[in-house]
Amino acid sequence: MFFKENLVLALESLRSNKMRAFLTMLGIIIGIASVIAIISVGDSLSSSITTEMQGIGTNNFRINVREKDSNVGNPRDPRANIMGSSASAEDEDLITPEMLEAFQEQFKDQVAAISLTESVGSGQVKDERLYANVAVSGVNPGYLQVNNVELLSGRFINDRDTAGRKSVAVVSDKLVNNIFGKSVNPIGQEIKFYEAGEIKTYIIVGVYKHSESAMFIGASSSSEKDTQTSMYIPITLAKQSKTIKNYSNATIMSNTNVDADQFTKDIKEFFAKYYEKNPKWEVSTINMASQIEMASSMLSTISLAIAIIAAISLLVGGIGVMNIMLVSVTERTREIGTRKALGAKNFHIRMQFITEAMIIALVGGLIGLVLGLLLGMLGSKLLGAAPSFSIPTILLTVTFSMAIGVFFGYYPANKAAQLDPIDALRYE
Amino acid sequence: MIEVKSLEKKYFIGTPNELLVLDNVNLKIEDGEFVALVGASGSGKSTFMNIVGALDRPTSGEYAIDGVPVHSMTQNELSDIRGKKIGFVFQSFNLMGRSNALKNVELPMLYAGVSLKERARRAKELLELVGMGDRIHHLPNELSGGQKQRVAIARSLVNDPSIILADEPTGALDSKTGDMVMDIFKKVHKEKKKTILVITHSMEVAQMTQRIITIRDGRILSDVPNTPMA
Chain C
0 MFFKENLVLA
10 LESLRSNKMR
20 AFLTMLGIII
30 GIASVIAIIS
40 VGDSLSSSIT
50 TEMQGIGTNN
60 FRINVREKDS
70 NVGNPRDPRA
80 NIMGSSASAE
90 DEDLITPEML
100 EAFQEQFKDQ
110 VAAISLTESV
120 GSGQVKDERL
130 YANVAVSGVN
140 PGYLQVNNVE
150 LLSGRFINDR
160 DTAGRKSVAV
170 VSDKLVNNIF
180 GKSVNPIGQE
190 IKFYEAGEIK
200 TYIIVGVYKH
210 SESAMFIGAS
220 SSSEKDTQTS
230 MYIPITLAKQ
240 SKTIKNYSNA
250 TIMSNTNVDA
260 DQFTKDIKEF
270 FAKYYEKNPK
280 WEVSTINMAS
290 QIEMASSMLS
300 TISLAIAIIA
310 AISLLVGGIG
320 VMNIMLVSVT
330 ERTREIGTRK
340 ALGAKNFHIR
350 MQFITEAMII
360 ALVGGLIGLV
370 LGLLLGMLGS
380 KLLGAAPSFS
390 IPTILLTVTF
400 SMAIGVFFGY
410 YPANKAAQLD
420 PIDALRYE
Chain A
0 MIEVKSLEKK
10 YFIGTPNELL
20 VLDNVNLKIE
30 DGEFVALVGA
40 SGSGKSTFMN
50 IVGALDRPTS
60 GEYAIDGVPV
70 HSMTQNELSD
80 IRGKKIGFVF
90 QSFNLMGRSN
100 ALKNVELPML
110 YAGVSLKERA
120 RRAKELLELV
130 GMGDRIHHLP
140 NELSGGQKQR
150 VAIARSLVND
160 PSIILADEPT
170 GALDSKTGDM
180 VMDIFKKVHK
190 EKKKTILVIT
200 HSMEVAQMTQ
210 RIITIRDGRI
220 LSDVPNTPMA
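Just so you know, the sequences run in chain order C and A.
Sequential numbering from 0 applies to the first sequence in numbering that gives the first Met the number 0.
Sequential numbering from 0 applies to the second sequence in numbering that gives the first Met the number 0.
The hints are simulated quantities; they were obtained by calculation from the structure and are not laboratory data.
A portion of the hints provided could be inaccurate.
Where chain A lies over chain C, by a calculated footprint (3+ residues, C-beta under 8 Å) [what the hints assert, rightly or not]: (1) 9-18; (2) 347-354; (3) 412-426.
According to the in silico footprint, chain C covers these stretches of chain A (three or more CB under 8 Å from chain C) [as the list claims (entries may be wrong)]: (4) 44-55; (5) 81-87; (6) 106-120.
Just so it is clear, the structure is predicted and the values come from calculations on it, not from any experiment.
Virtual Cβ for every residue (Gly too), placed ideally from N, Cα, C.
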């Protein structure tokens with residue numbers, strides 16, 4: 000019952016000092032808003048990264064050829080290393096199909112599949128006025144399993160296709176929609192691929208489901224119809240026109256029961272044999288699971304750093320509340336004296352001022368919460384991740400801002416409670 | 000009934016100096032008396048009022064309200080006594096500026112733990128009594144000085160105290176308004192049979208009461224019955 004009275008008093012006091020209350024709250028608003036924004040952006044980022052990476056597969060081990068003694072460059076993009084270095088790797092420096100076969104033979108209990116890709120280029124598949132944008136990749140049969148490609152109909156590139164360099168292609172359901180519509184069975188149909196004035200003909204053997212990548216770079220502005228999808232052709236066909244016949248990288252997918260750390264070592268040792276005598280090049284191994292770990296630990300480090308800054312802001316906000324409450328107590332000394340003369344106990348006065356401090360902090364916290372949610376939503380949107388809010392975080396924030404009020408309001412409230420009624424009544 | 004026996008109040012302003020503000024004061028005020036305590040500033044009347052109002056404790060001596068000894072009470076017990084046994088009326092009204100007349104009158108009942116409904120009922124009744132029944136929703140700054148003091152009188156009465164302590168209740172008012180406020184006290188005295196102690200430096204005000212106690216240099220100089228002017 001008494002709490003309700005104090006609440007009314009606190010709100011009245013806020014209303015009569017709007018500007019002051021707002022300025023006091025500002026520290027808490029900024030603190031809470033940044034905490035909420037950071038947490039929600041961080042949450043949505045890490046969940047989208049995790050799903051993205053899990054889509055790639057945690058059992059995947061990426062191997063690529065890189066320059067010895069070089070730690071520069073993004074290890075995930077081996078081409079950056081090779082192209083960017085003063086010397087480029089020759090065919091004999093790269094991973095040969097024989098190496099991979101030997102590897103698969105030696106570790107046949109651990110290896111589930113090996114994926115090889117060769118980017119060919121991008122262009123359009125056209126049929127008179129109909130078209131679809133595609134990026135053509137040469138792949139081996141192992142690509143399907145390693146990259147979680149979901150086949151809708153037909154089959155994927157198989158060993159016979161690669162061995163025979165057959166002009167076959169696996170295309171996306173989007174392409175099928177653009178070129179054939181829904182009524183025609185695309186399997187067995189011929190498509191014409193136009194690239195830089197050249198026309199190549201392929202026969203569709205399979206259709207896969209195109210999944211909109213959640214990766215933020217994919218948040219493109221192009222319309223639905225113009226979306227570029229991948230078209231897969233046999234890797235041997237893709238290599239045909241290239242001077243470099245071996246591979247600068249490959250992805251090895253292990254069986255699920257394989258110990259990732261041990262397997263990484265095994266891969267390193269295996270390929271080290273081939274590169275012992277190579278003066279410039281070696282093979283490096285990256286495991287997706289460790290990538291996820293790295294990414295999320297980096298993310299949480301950044302979050303922690305910003306959270307500490309936010310905590311400092313909250314501390315400053317809390318001190319602001321304490322400051323304004325001290326001013327308020329001084330201003331209202333006579334009021335306190337009168338209340339005591341009318342029978343208020345120290346407890347009543349203390350509760351009144353603690354409630355007031357709590358309300359300032361709580362209102363600030365709520366404004367900060369709304370602001371933080373909006374910022375979080377905006378931030379997630381800008382980064383292309385789905386916004387995520389956790390109810391516990393929100394509840395925790397509200398509780399925490401109230402706790403700030405109580406904590407920083409206690410000292411001024413206690414000071415008010417301890418005032419001598421005679422002195423307080425005489426105060427001008 | 001209030002009873003004061005050999006009351007002493009000393010202030011220590013650094014040894015060997017001690018200031019004796021109240022010196023062996025003995026006093027008894029029966030229920031239903033209307034008393035004026037007169038003295039110049041520095042006479043000790045404010046200190047006396049603080050002790051009688053349970054705002055301060057004496058250095059030595061006894062003080063009892065309705066036979067209950069007050070002089071040795073703890074802070075919290077004094078708060079209770081102030082809330083329930085004493086009604087204060089101040090020179091500068093001391094109303095809560097952000098609360099309307101009704102809420103101001105309800106305040107002492109809030110601290111005394113009276114229920115919400117009962118608070119509103121009693122507050123309205125007493126505001127009617129002091130002639131403020133039509134202004135219960137006005138804020139203090141919408142009221143004149145005399146009206147504020149009437150609200151304050153209503154406030155002093157809400158917990159049905161044993162004694163009303165009025166410290167210079169007309170001090171901030173012009174004489175006409177002051178007379179009107181004193182009339183209210185007379186009415187309260189007559190209708191509610193309340194013990195009223197008015198502290199004043201004005202003999203004119205004192206003449207309106209039934210008993211005049213004069214205090215000087217911390218001692219009671221005279222204590223005489225008075226026939227109030229009509």
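Verification of the hints:
1. 9-18: Answer holds; 3 residues pass the 8 Å Cβ test.
2. 347-354: Contact hint for the stretch 347-354 of chain C vs chain A: violated, 1 residues under 8 Å.
3. 412-426: holds (count 3)
4. 44-55: It holds, with 4 qualifying residues against the three required.
5. 81-87: Since three or more residues must qualify, the claim that chain C covers the stretch 81-87 of chain A holds, with 4 doing so at under 8 Å.
6. 106-120: holds (count 6)
The structure fails to meet hint 2 from the earlier list, while all remaining hints are met.
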